[in-house]
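For the sequence shown, the residue numbers in full-length UniProt numbering are 1 to 208.
Don't take every hint at face value.
Claimed, not checked - Think about it this way: if two alpha-carbon atoms lie no more than 20 Å apart in a straight line, the pair counts; the simulated SDA-like pairs of lysine to any residue are: (1) 185 <-> 169; (2) 103 <-> 183; (3) 103 <-> 18; (4) 173 <-> 148; (5) 103 <-> 14.
Quick caveat, the hints were computed from the structure, so don't treat them as lab data.
All values derive from a computational prediction rather than experimental measurement.
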Amino acid sequence: MNILLVDDHAVVRLGYAGLLRSGLPGVVVRDAASGEEALARVHEAVPNLVIIGFGLPGISGLETTRRLRQRLPQLRVLFFSQHAELPLVRQALEAGASGYLTKSASPAVMLDAVERILDGHTYIEQDLATQLAYHPTDRRLQSMTQRELEIFLMLARGTPARSIAAQLSISSKTVSNYLTLLKSKLQVSSHAELVHLGIDMGVVRVAG
């Protein structure tokens, strides 16, 4: 069994690689620090499962997943992220992920999720699964394309346009065009209003 663990923090990769090796005897765990590196690793040897987060240097985890799934439609992907906003969970699943966990999940839950996904099932952390069932998507979000929603979430978190462009492999001008489109679609007049709207919608969390 071959698992590829993708995270930009070496300590996180080391810790969870150790967990997977000890909890799943015989598993081979390789790692990557970026989306670009993950694509190269998969080209070298196709894993049974990719565990990945959203925030990566270079192309985002979501864009990496899209590219991997386009190349390998049967590839299993588990998102493992610090973000618990429902639009992000939905985006991950729409991109082809087989599961979603937050980094607050216990080691036992992580191992259970990995085993279930490798057995061909879908696994969503229980609290998130309950929220998905009882909280329909805001109608304004439903009108967005997947790429529009991704950029909206990044802009609403205050991610600079240059960083968004780098993560999504698009130009800064294209990001600016999306911002103009989103302001029109959401009927806001400024980037600041867009941020406040994201907070009101519950797709951006404010540290308390």
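Going through the hints against the structure:
no., hint, in the structure
1, 185 <-> 169, "23 Å, violated"
2, 103 <-> 183, "32 Å, violated"
3, 103 <-> 18, "16 Å, holds"
4, 173 <-> 148, "15 Å, holds"
5, 103 <-> 14, "14 Å, holds"
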